[in-house]
Every structure is written in structure tokens, then in C-alpha cells.
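Take a look at the letters that make up each chain.
Protein chains: 2
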Amino acid sequence: MDLINKNDVKTIGSIGAGPIGAGWVAYFLSQGLSVKAYLHNESEENNFYSMLRTAWVSLKKLYNVKKLEETNLEIFFDLSECIKKVDFIQESAPEILSLKQSLYKELGEIVPKNVIICSSTSGMKMTDIQTLCKTPERTVVAHPFNPPYLLPLVEIVGGKKTKEEAVNWVYDFFIKIGKSPLVLKKEIPGFIATRLQEALWREALHMVNNNEATPEQIDIALMNGPAPRMAIQGQCLAFHVACGEGGMATNLDQFGPALELPWTRLKAPELTKKLRDKMVDGCEKIVKDQKFQNLASERDKKIVEIIKIQRK
Amino acid sequence: MDLINKNDVKTIGSIGAGPIGAGWVAYFLSQGLSVKAYLHNESEENNFYSMLRTAWVSLKKLYNVKKLEETNLEIFFDLSECIKKVDFIQESAPEILSLKQSLYKELGEIVPKNVIICSSTSGMKMTDIQTLCKTPERTVVAHPFNPPYLLPLVEIVGGKKTKEEAVNWVYDFFIKIGKSPLVLKKEIPGFIATRLQEALWREALHMVNNNEATPEQIDIALMNGPAPRMAIQGQCLAFHVACGEGGMATNLDQFGPALELPWTRLKAPELTKKLRDKMVDGCEKIVKDQKFQNLASERDKKIVEIIKIQRK
Numbered sequence: 001m002d003l004i005n006k007n008d009v010k011t012i013g014s015i016g017a018g019p020i021g022a023g024w025v026a027y028f029l030s031q032g033l034s035v036k037a038y039l040h041n042e043s044e045e046n047n048f049y050s051m052l053r054t055a056w057v058s059l060k061k062l063y064n065v066k067k068l069e070e071t072n073l074e075i076f077f078d079l080s081e082c083i084k085k086v087d088f089i090q091e092s093a094p095e096i097l098s099l100k101q102s103l104y105k106e107l108g109e110i111v112p113k114n115v116i117i118c119s120s121t122s123g124m125k126m127t128d129i130q131t132l133c134k135t136p137e138r139t140v141v142a143h144p145f146n147p148p149y150l151l152p153l154v155e156i157v158g159g160k161k162t163k164e165e166a167v168n169w170v171y172d173f174f175i176k177i178g179k180s181p182l183v184l185k186k187e188i189p190g191f192i193a194t195r196l197q198e199a200l201w202r203e204a205l206h207m208v209n210n211n212e213a214t215p216e217q218i219d220i221a222l223m224n225g226p227a228p229r230m231a232i233q234g235q236c237l238a239f240h241v242a243c244g245e246g247g248m249a250t251n252l253d254q255f256g257p258a259l260e261l262p263w264t265r266l267k268a269p270e271l272t273k274k275l276r277d278k279m280v281d282g283c284e285k286i287v288k289d290q291k292f293q294n295l296a297s298e299r300d301k302k303i304v305e306i307i308k309i310q311r312k
Numbered sequence: 001m002d003l004i005n006k007n008d009v010k011t012i013g014s015i016g017a018g019p020i021g022a023g024w025v026a027y028f029l030s031q032g033l034s035v036k037a038y039l040h041n042e043s044e045e046n047n048f049y050s051m052l053r054t055a056w057v058s059l060k061k062l063y064n065v066k067k068l069e070e071t072n073l074e075i076f077f078d079l080s081e082c083i084k085k086v087d088f089i090q091e092s093a094p095e096i097l098s099l100k101q102s103l104y105k106e107l108g109e110i111v112p113k114n115v116i117i118c119s120s121t122s123g124m125k126m127t128d129i130q131t132l133c134k135t136p137e138r139t140v141v142a143h144p145f146n147p148p149y150l151l152p153l154v155e156i157v158g159g160k161k162t163k164e165e166a167v168n169w170v171y172d173f174f175i176k177i178g179k180s181p182l183v184l185k186k187e188i189p190g191f192i193a194t195r196l197q198e199a200l201w202r203e204a205l206h207m208v209n210n211n212e213a214t215p216e217q218i219d220i221a222l223m224n225g226p227a228p229r230m231a232i233q234g235q236c237l238a239f240h241v242a243c244g245e246g247g248m249a250t251n252l253d254q255f256g257p258a259l260e261l262p263w264t265r266l267k268a269p270e271l272t273k274k275l276r277d278k279m280v281d282g283c284e285k286i287v288k289d290q291k292f293q294n295l296a297s298e299r300d301k302k303i304v305e306i307i308k309i310q311r312k
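From first to last, the protein sequence lines stand for chains D and R.
Going by the working numbering, the letters in the first sequence line up with residues 1 to 312, in that order.
Going by the working numbering, the letters in the second sequence line up with residues 1 to 312, in that order.
It should be emphasised that the hints constitute simulated quantities derived from the structure, not laboratory data.
Computed from a prediction, not measured in an experiment: that's the story for all the values here.
Hints should not be assumed to be uniformly reliable.
The list makes no distinction among identical chains, and a pair is therefore deemed to hold if it is satisfied within one copy or across any two copies.
[Claimed, not checked] With a cut-off of at most 20 Å between alpha-carbon atoms, the simulated PhoX-like pairs for lysine-lysine come out as follows: (1) Lys134 / Lys84; (2) Lys301 / Lys61; (3) Lys10 / Lys67; (4) Lys301 / Lys66; (5) Lys6 / Lys176; (6) Lys301 / Lys60; (7) Lys60 / Lys302; (8) Lys113 / Lys163; (9) Lys291 / Lys312; (10) Lys67 / Lys301; (11) Lys113 / Lys6; (12) Lys312 / Lys288; (13) Lys10 / Lys273.
All chains should be built: construct the whole structure from the sequences, respecting the hints.
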């Protein structure tokens, strides 16, 4: 593959006028890139600019950004005009598989082969999206989390016809522009973050459906319980540190039996020795040489700060 | 029931020397209460004090607390000595049902009937814990989230033999001492917060088991994706605001079909009109009169602060 050099990417083609499309445009502009944005029609323009201005308020606090008006943004209502002479495309069209398939068919024909095309899809597989595309080797999922101008995660995974080189290019590109990309080992529906969130969300819907909790109670429980901790230490590290010096090994040995209790509708996998070791080794990899006491006190220091923010 | 007046509670009896027991003791002391703490044996004492000192570092930042040494704490290795003349008991013994049942049998006989006994259990039902207790009407689950001196959530629910008056007493008491208590509508295993966390956790274990993700990737995904947002807006409000003016109604109408996709191993409930309306009404109750724009900009402002904390 003869892809554009990542360091030569100056102009982004962005497709989509929703919160994800607009959020991406704001983020690219904040990083000094030029953007050509395709909107479906003129009626979307006002709302699109309104979302950019909202995003800009936060971007100013996190990055060294110019005034929004001083950035290089062009709006297009003609797709083929928009994507002429762009160095990278981020597609955030509606989540309808047939629509994305037609779009990638068209893009596959008109976008030069050396330009990478990424999809913001929340959960579809690129293997399915790229079926009608004649140049699928450079099409990759790059899934952000809403709001995409703020949350750093970008989940990256190719489809069956995507070349590994393209996936690596996308990883390097998002690193370069300050995101926290994550390359998936396998193409799974929902990727990693949406799957985790979706499990929690479906359990929430079950509880509301069964009159076990109201939406308000679910939110109180999350905001005052697991969420502040999870923002500072993901769930694996949180459990590793919660169990003191013994870490994840103690956690699994102690709470392993609870995996068989009906503490959610989701059945757990069998806690084999192999799974136990993968979890323990994985946590040790996260903490490297850090001592338990240090991990706990760093956690506490940051949770204190989050609680102060929540109190405002 | 002739319960102790909540305003007359001066001395707490705390049972358990683990992170939950020690965390509770630190919290009660920080709120100006006296504590009599039961430890199983002397070998636990050093570690117990070490946990108190760790907790105190954070408590000083959030509350107007004295020096730890100036607080009124007594350690006991004899249970019946410990719980003499206490006004409230918080039990944080190991999560073994038979052990808790014997303990509540004993407490039920020696603790005066006007004293409330709460259990920190993470997921057991009080109906099961109180089976051997002769005075079960004042036994209540009061489940904190680890670390209990920091996270404000306390999930409250009685068993079949618990009197409603006792549940209300516990709610008022935790409000009085600065916690965020949540009274459950039904006694369900895992309560609300653990169920939500457990669904996410089991999905994480499945992914590790299937080589779809490493523990490290799971944590990166959470910390850079859903978690910072969830700390500021619970998952219901987060989805309500993510969909702009249309709120949860738009979310469910748009993403409803995704509930049937395999985005987690947990099967969703059917999205009936009734469930849809409960979610929509519940979200409207959370936001009251706040406008979408305001909710989004408040969210962004606080996520920016969390990202700054994470960067440290």
C-alpha cells in the first residue's frame, strides 16, 4: 500500500452533521488541521455550527486553540466536491448498514487509494460496511466516544479486507493528534467500550422494566458509586487495588464464587485457571512496578478531586 | 418500634477489620462520631490503623476533620464487649452467608432492640442474613461502595422481616452524616450499583476469556470513554443528553433496534412502549426544568476537569 505519509495530513474530509460528525470536526480544527465537512443539506448548517461553538468552549480549556473563526473550515453539500483533495476521511453518517454500504461503494470509487477512510460507527463491523467497496483495504473503524471532542478514546479495527498497514496508519495518526487509540485484537460487534457500556445499560433497562429501580436511582447509584472510581482506575485496576496487596488474585479467589450469583442477568464465563491467570497477569502489566499503597493513595487523591467537581 | 432517636446517635459499633470495616470507621470518626470497633484478633490491628491513616488523608480534604488521634476510637477483640452501649451497628464481616447468619443470631440476642443493625454486604439479601435472628425487624442492608470513606453511595434495603420504620431510620441517619443513601424499591441480589458494575465486569471477563481484549485494553477503554462521562451524568442522563433536544425518546427510538444486536452477551429486555415511557419519564424527572444546552455545557465543563485530573 502506498498510503499518504501521516505527517503530510493537512486536510480532513468529514462526513456527517450529527453530534459525532460535528464533534470530530471541532476536534480536528482544534489540532490545527483543515476540514472539509459534508452536510446532507443546508438546514443542518446552523445546528452544526452551534455544536462546533459548544465544543470550542471545552477545547479552549484543554488545548492551545485559535479562535474558531480563524480555523480553516469549509462546508459542502456535494459529497464528491467535499472529498476532493483531502488527506484523510472520517465518516460519521447515520448508523444504517445499507446506507453505509452504499456510501463506501461510492467512496471506494472516488477517493484516491492512498487516502484512509475511517468510520465512526458505534458497533458495526467494517467487514459488513466494506462489502460493496472496491478499495476496502484502506477502510477502518475509528470509533470515538461521545462527545468526541472531549473523550480521548478511539477504538480501531479493520474488516476482513482491510490491510494491517492501514490499521497501523490509523493508530499512529490518532496518537499524533492527541487521542487515545486502542487497536482491537478481533473484530467484535460493539468493540470494547460499547460492549462494556451496553452490558451495564441493558441491566439498567431490565431493572427499570421490572420496577427494581428508576432511571434516577440508576444514575444516583452510578455517580456516587462505581463511576468516579472507574474514571480514575478502570474496572480491572479498581478491583486489583480494592483487594490490597493480594490484588486481582485475591479478588478472583474471594469473589469468584459470586460470579455464579444472580447479581446481574449476564451469565459470567467459567472462572478457569487460565482466565484467572490472564486477569492477574493483565493487572500486573497495568501497574508495572507501582506498589499497592501508592496506587491506592493516587486513586484516593483523584477521587477526592472528582467528588469536588461533582459537588459544584 | 421504639428506636433510638437519630439525633442521639453518638457511638457506633463497627464489626470487621477489612477495607470496608476500616473505611466505615474512618468515615464515622470524620463525622465527629465515637466508634467502638471489633477486630477478629490483634494481628489485624496494624493493618487496620494503616487503612485509617490512608483514609484520613482524603477525609481531611473533603471534610472539616480533627486529627485522627484526637477522635474517639476504641478497639475490641471481644464482640459482646464492643457492642455494649453503642447507638448503631455497622457490620462489615466477611461475605459468607452462614457466618453472617450466626453473627445476626448472636447480635439479635445481645443488642438492645432499639438499636439498628446494618450490614455492608455487597449483594446478599437481608432476608437470608436475618433468618436466625430473633429481632430481625431492625436489621437492614446499608451497602457502601469501596472506598467507603470516599464514595457517597449507601444502598439501603430491608429483608422480609425488617420493619419499614427501620429502613426509613437508616435513610435519615445516612443523610444526616453526609452520605448519598438510596432506598431500593425491591430486595434484589446485588442491589442497583453492584448489578450495573457486575454486568460490565462479566462482559469484561468474557472478552478476556475470548481473547477479544486484555485487562489493560478494558481499562483504557473505560477511562478514556464512558467512565468520565458517567461520573458526571449517570448512564440514563448521559444518553438523554447525547441525543440533543430529543433526549431519551430519540435515543430509544434510534438505538432501540441496537438492543437486539450482539453488542454484549447480556440479552436486553423487550423495548415495549411501557419501558420506553418509563425511561423517558425517568429522565425528565432527573433533569426537571434544565434545558438541553445547559445540561450539555455543564457536562462538558466537568468532563474537562476530570480529564485534567486524569492527566496529572
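Okay, the hints, checked on the actual structure:
1. Lys134 / Lys84: within (18 Å within a copy, 80 Å between copies)
2. Lys301 / Lys61: Result: close only across copies, 9 Å inter versus 22 Å intra.
3. Lys10 / Lys67: within (18 Å within a copy, 58 Å between copies)
4. Lys301 / Lys66: The answer is between: 19 Å across copies meets 20 Å, while 33 Å in one copy does not.
5. Lys6 / Lys176: Within. Shortest intra-copy distance 8 Å satisfies the 20 Å Cα cut-off; inter-copy 58 Å does not.
6. Lys301 / Lys60: Between copies only: 11 Å across chains, 26 Å inside a chain, cut-off 20 Å.
7. Lys60 / Lys302: This pair counts as between: shortest inter-copy Cα distance 14 Å, intra-copy 23 Å.
8. Lys113 / Lys163: within (12 Å within a copy, 71 Å between copies)
9. Lys291 / Lys312: This pair counts as between: shortest inter-copy Cα distance 18 Å, intra-copy 33 Å.
10. Lys67 / Lys301: between (34 Å within a copy, 18 Å between copies)
11. Lys113 / Lys6: This pair counts as within: shortest intra-copy Cα distance 15 Å, inter-copy 73 Å.
12. Lys312 / Lys288: For Lys312 and Lys288, the Cα distance is within 20 Å only across copies (18 Å; inside one copy 35 Å).
13. Lys10 / Lys273: The answer is neither: 50 Å in one copy and 48 Å across copies each exceed 20 Å.
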